[in-house]
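Letter by letter, the chains look like this.
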Amino acid sequence: MLVGLYLFVMKTKTGKAMRAVAEDKDTAALMGINVDRIIVTTFFLGSVLAGAGGVMVGMFYTQINHMMGFVPGIKAFTAAVLGGIGNIPGAMLGGFFLGIAETFAAQIMPAVYKDVVAFSLLVLILIFRPTGLLGEVLGKEK
Amino acid sequence: MDLEVWAQQLINGLTIGGVYALIALGYTMVYGILFMINFAHGEIFMVGAYAGFYSLTALMAFDLVNSNLFLALLIVFLVAMAASAILAVVVERIAYRPLRRAPRLAPLISAIGTSIFLQNAVMLLAGARMKVYPDVHPEGRIFLGGIGISYIRIIMVVISV
Numbered sequence: 001m002l003v004g005l006y007l008f009v010m011k012t013k014t015g016k017a018m019r020a021v022a023e024d025k026d027t028a029a030l031m032g033i034n035v036d037r038i039i040v041t042t043f044f045l046g047s048v049l050a051g052a053g054g055v056m057v058g059m060f061y062t063q064i065n066h067m068m069g070f071v072p073g074i075k076a077f078t079a080a081v082l083g084g085i086g087n088i089p090g091a092m093l094g095g096f097f098l099g100i101a102e103t104f105a106a107q108i109m110p111a112v113y114k115d116v117v118a119f120s121l122l123v124l125i126l127i128f129r130p131t132g133l134l135g136e137v138l139g140k141e142k
Numbered sequence: 001m002d003l004e005v006w007a008q009q010l011i012n013g014l015t016i017g018g019v020y021a022l023i024a025l026g027y028t029m030v031y032g033i034l035f036m037i038n039f040a041h042g043e044i045f046m047v048g049a050y051a052g053f054y055s056l057t058a059l060m061a062f063d064l065v066n067s068n069l070f071l072a073l074l075i076v077f078l079v080a081m082a083a084s085a086i087l088a089v090v091v092e093r094i095a096y097r098p099l100r101r102a103p104r105l106a107p108l109i110s111a112i113g114t115s116i117f118l119q120n121a122v123m124l125l126a127g128a129r130m131k132v133y134p135d136v137h138p139e140g141r142i143f144l145g146g147i148g149i150s151y152i153r154i155i156m157v158v159i160s161v
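For the protein sequence lines, the chains are F and E, in the order given.
Taking the working numbering, I'd label the letters of the first sequence as residues 1 to 142.
Taking the working numbering, I'd label the letters of the second sequence as residues 1 to 161.
Looking at chain E on its own, in the form it has when it is part of the complex (with noise of 0.2 angstroms):
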């Protein structure tokens, strides 16, 4: 096992640790304010992917994707954020507020079953078979000193960072 690959594992690493850093935070910050774990931010983050998946299948029959790559994933993006926003605050209105004053495990118990609501609801919503998303990032890698990183993963460190 050489260096390169350490370095290659650490580029990995990097990738996917910038994801749970983005996830991390809404774990965090929902903590830091209100001393409750929002159990429901994994489905928020999974209805995220979902919304970024519609629009850019949407985006696909307008042949956006092919003209300006760069605006299609801004949309895709931006459609996504508002989506996982929205209803987080919609979670929020109706599944934590009315528990403000109510015993720290309520509101536990609430997001637990929040987090179960929104999974079964994807699942009716948007059917139980997984969805494979349009391969759209640009392919290609460059090298640096023997290791090859591929523009997604760069492209995901720039974003998260």
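So here's chain F without its partners, still in its complex pose (with noise of 0.2 angstroms):
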């Protein structure tokens, strides 16, 4: 799923409007970009992919409630901001940078510190490298 969305987003047409928008929403707006619609079909891939998570985190766990989303909300935000926010690859690479840390971290100390270590880690990249570990250089304040 990861690799098809990165394609979508790289390849198609819909894709490219996506960047687009991403870009410069007023300019893709005057190339004919209908950008809410992109905006909707943004929310609308993004959630699909939540949606298979969440089913493969209940079969894995076995064990659902309503608070679920929360904590792994905030993680997946950190990841996010790991790799670099607005950047495909950077999420991908944080979740999984993020996923092998947590771990890593359960087994040299005890297992309940490893949100300590996720959001120690989210603390360290804002402080050190605000841009994420793939983040691109803003040109100018967004």
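Source of the hints: derived by calculation from the structure; they are not laboratory data.
You can trust all of the hints, since none of them are fake.
Simulated restraints, written as ranges between beta carbons of each label pair:
hint: 1; chain 1: F; residue 1: T27; chain 2: E; residue 2: N68; range: 48 to 54 angstroms
hint: 2; chain 1: F; residue 1: F8; chain 2: E; residue 2: L108; range: 25 to 31 angstroms
hint: 3; chain 1: F; residue 1: S120; chain 2: E; residue 2: P134; range: 33 to 39 angstroms
hint: 4; chain 1: E; residue 1: R101; chain 2: F; residue 2: P130; range: 26 to 32 angstroms
Since the model is a prediction, treat every value here as computed from it, not as a measurement.
We put the CB at the ideal spot given by N, CA and C, even for glycine.
Put the two chains together into one complex, using the hints given.
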């Protein structure tokens, strides 16, 4: 699914329009791109992935409750910041990096500290590399 | 602590990391386009898990799970993905689109509100107790040079990527 999404954004016309809207909404609108439709498509795609993730977590941990979205949500946000938010390969790298960092941390210290490690990583990244691991240099203040 | 333990942990990390990556993409794409953090995204993920739970339970009743596991899981994934996607589109329409021209803080607060709303809505609709997912994934594991990898982990990593 990660590969599929990447190919979608990079190879299809809708993907190109998404990148154009991300670059500059007004110019994209002038070029005849339906900005509202692209935004809805973005929400749609992101949520398709999240829905699949939800089923996998449900099957893996075999129990779900209504609060289960909060911590993974914040963790995934951390992952997105780790990789450089707004950057698709960055989010993938950040996700895997965070997952591996967490399980390794659970190996060398008591497992209850794995959340501490995850969020300490967030703080460290924000201090030392605010644009994330693969972050682009922002040309202008956005 | 030997190498095998670390290799095992690497597999565990990849499994959970794949899920983080899937969710992180939703954050990053929305941020890339709207420059807002969609705090309701974790709840979209939660609703996906619930949709999967209910469709899986329904399919158990029709006995499809035992006769054709692959088809059953395909349906479960499609239902969950569709439910999450439709919910996200509705949330965008109601909570974010009216604030498109508002200051950047406004949609952020709206997102936090949506997140709390969805948590409580699901609690009211589905009950506050934990739901136990039907155990359907294939049991067993393969062994690779001393480390065992259960099938569910392989499936998760493959689906994520």
